[in-house]
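Q: Dock chains Z, P and H against chain G, hints included.
Each chain, letter by letter, is given below.
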Amino acid sequence: MRITIKAFASVKDSLGFSERRLDLSSGTTAEGAVRAVERELGVGIPDFDSLLFAVNEEYCRRDRVLRENDVLALFPPVSGG
Amino acid sequence: MRITIKAFASVKDSLGFSERRLDLSSGTTAEGAVRAVERELGVGIPDFDSLLFAVNEEYCRRDRVLRENDVLALFPPVSGG
Amino acid sequence: MKTLRLQNEPIDYTSALAATGTVEDGAVLAFIGTPRRDSGGRTVEHIFYEAYESMALKEMDRIADEAMAAWPITDCLIVHRMGRVDPDKASILVAVSSRHREEGFAALRFIIDTIKKTVPIWKKEVYADGSEWVSDRV
Amino acid sequence: MKTLRLQNEPIDYTSALAATGTVEDGAVLAFIGTPRRDSGGRTVEHIFYEAYESMALKEMDRIADEAMAAWPITDCLIVHRMGRVDPDKASILVAVSSRHREEGFAALRFIIDTIKKTVPIWKKEVYADGSEWVSDRV
Numbered sequence: 001m002r003i004t005i006k007a008f009a010s011v012k013d014s015l016g017f018s019e020r021r022l023d024l025s026s027g028t029t030a031e032g033a034v035r036a037v038e039r040e041l042g043v044g045i046p047d048f049d050s051l052l053f054a055v056n057e058e059y060c061r062r063d064r065v066l067r068e069n070d071v072l073a074l075f076p077p078v079s080g081g
Numbered sequence: 001m002r003i004t005i006k007a008f009a010s011v012k013d014s015l016g017f018s019e020r021r022l023d024l025s026s027g028t029t030a031e032g033a034v035r036a037v038e039r040e041l042g043v044g045i046p047d048f049d050s051l052l053f054a055v056n057e058e059y060c061r062r063d064r065v066l067r068e069n070d071v072l073a074l075f076p077p078v079s080g081g
Numbered sequence: 001m002k003t004l005r006l007q008n009e010p011i012d013y014t015s016a017l018a019a020t021g022t023v024e025d026g027a028v029l030a031f032i033g034t035p036r037r038d039s040g041g042r043t044v045e046h047i048f049y050e051a052y053e054s055m056a057l058k059e060m061d062r063i064a065d066e067a068m069a070a071w072p073i074t075d076c077l078i079v080h081r082m083g084r085v086d087p088d089k090a091s092i093l094v095a096v097s098s099r100h101r102e103e104g105f106a107a108l109r110f111i112i113d114t115i116k117k118t119v120p121i122w123k124k125e126v127y128a129d130g131s132e133w134v135s136d137r138v
Numbered sequence: 001m002k003t004l005r006l007q008n009e010p011i012d013y014t015s016a017l018a019a020t021g022t023v024e025d026g027a028v029l030a031f032i033g034t035p036r037r038d039s040g041g042r043t044v045e046h047i048f049y050e051a052y053e054s055m056a057l058k059e060m061d062r063i064a065d066e067a068m069a070a071w072p073i074t075d076c077l078i079v080h081r082m083g084r085v086d087p088d089k090a091s092i093l094v095a096v097s098s099r100h101r102e103e104g105f106a107a108l109r110f111i112i113d114t115i116k117k118t119v120p121i122w123k124k125e126v127y128a129d130g131s132e133w134v135s136d137r138v
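Chains as they are written, first to last, in this note's numbering: chain G, 1 to 81; chain Z, 1 to 81; chain P, 1 to 138; chain H, 1 to 138.
Calculated from the structure, these hints are not laboratory results.
A couple of the hints might just be wrong.
[Claimed, not checked] The calculated EDC-like cross-link candidates involving lysine to aspartate or glutamate, where the alpha carbons are at most 20 Å apart (straight line), are:
#1 K124(H) x D13(G)
#2 K117(P) x E57(Z)
#3 K12(G) x E40(G)
#4 K117(H) x E45(H)
#5 K2(H) x D12(H)
#6 K117(H) x D49(G)
#7 K89(P) x D75(H)
#8 K117(H) x E58(G)
#9 K6(G) x D63(G)
#10 K116(P) x E102(H)
#11 K116(H) x E102(P)
#12 K12(G) x E132(H)
#13 K116(P) x E103(H)
#14 K124(H) x D38(H)
#15 K6(G) x E57(G)
Bound-form chain G, shown alone:
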């Protein structure tokens, strides 16, 4: 399946992209998708445990199973205001 992964703020800096298309085997979780990207690019995202995940603009758990055309977003704790 194909999904889109978006990265913001420091995660974008770590990964070196703000948006990327990914080909994954079905059943891959949100966390699995991010680990796949880290392996592919040979980078590690610092403070991984503090990261927030969203699918299709809704917060989700990192064990969320992705579906075709999902937009997965990955970002650090928010700091607006």
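A: Coordinates of chains Z, P and H only, in the frame set by chain G:
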């Protein structure tokens, strides 16, 4: 002794003046001064018990003894904001 | 910094708020009071505000000092309109600035509550068929 | 009425606040956040804000709806700046209008607290000698 009495809002409407000079015998209290004005003008101020008194721009009790040149102010509960 | 003002002119939020808070502060909290159009079933055409101005400014100053002593706020602004105010216009603007917003909330609340209790300002509601001092109501 | 906005332009208090509250309301409460010049001993030259804009607007909308369901507020305005913001300029303005100020205080507090927890916006502090995403700090 001579004092000044000021009236505001509905009290001003009842008394028909905003400021007046009064001649009083020494030892007169704030309330005594107001009662003297009511008698002199032949008017009664409605809701007398709810009125607030100030002398020289500071809130005071109605049994406050007045002194020469005091400025006594008399007004209903405040309603600003 | 304290800014205390009674004015006949409409309140200019931009200039008032731009003057509240400094580069050291993180939060400005503001309260804007507007007269209500509906007052116990009667339609208010406009409001007329009267004050014992010199005493009102002294009381506002005392309230600002108390707030600034009780909470670490840096600026305190109180502007109240006098005379005629239409129901959709601000009659009062209170603003405080502080490094953290929690302190600002507490201080702002104290200031507004105290103004409404102690500052000698009175409101007369003017209707199509008469007028009434609001403080006279039971 | 809800007004939710992410914008690069400076926040115009006057037009924003004039649009908040109606003649039926008695109280507008507003929070203005400004970046702090001092951040843990370092001097902040300016801030850079980034957002996941579409999701941020959805979250802001959800927060406004929750506040309007929980308290009888009539208008809710949330404006957040994006991009570069200097330390003495507002980065966020939140305003609510309600008939009585108690409800406004509670709603405003809920909205700000929740924005700071859930809306996907990030702040990068830029110093003379570098920059840092604030959310990365422990």
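Q: Compare the structure with each hint and give your call.
A: A quick look at each hint next to the structure:
As the CA atoms of K124(H) and D13(G) are separated by approximately 12 Å, the hinted pair is consistent with the 20 Å bound. Distance check on the hinted pair: K117(P) and E57(Z) sit about 16 Å apart at the alpha-carbon level, within 20 Å; holds. Only pairs whose Cα atoms come within 20 Å are accepted, and K12(G) paired with E40(G) is accepted, the gap being roughly 15 Å. For the hint pairing K117(H) with E45(H), the CA-to-CA distance comes to about 25 Å; that exceeds 20 Å, so the pair is violated.
A hinted pair counts as satisfied when its Cα atoms are at most 20 Å apart, and K2(H) with D12(H) qualifies at roughly 17 Å. Of the pairs offered as hints, the one joining K117(H) and D49(G) holds, with about 17 Å between alpha carbons and a cut-off of 20 Å not exceeded. For the hint linking K89(P) to D75(H), the alpha-carbon distance of about 16 Å falls within 20 Å, and the restraint holds. With a C-alpha separation of about 14 Å, the suggested pairing of K117(H) with E58(G) holds against the 20 Å cut-off.
For the proposed pair K6(G) and D63(G), the alpha carbon gap of about 17 Å is at most 20 Å, so the pair holds. Annotation: proposed proximity of K116(P) to E102(H) holds, straight-line Cα distance about 14 Å (limit 20 Å). Taking the CA atoms of K116(H) and E102(P), the gap is near 14 Å; set against the 20 Å cutoff, the hint holds. As the CA atoms of K12(G) and E132(H) are separated by approximately 13 Å, the hinted pair is consistent with the 20 Å bound.
With a C-alpha separation of about 17 Å, the suggested pairing of K116(P) with E103(H) holds against the 20 Å cut-off. Between K124(H) and D38(H) the CA atoms are separated by roughly 14 Å; this keeps the pair inside 20 Å, and the hint holds. A distance of roughly 11 Å separates the Cα atoms of K6(G) and E57(G); the hinted pair therefore holds under the 20 Å criterion.
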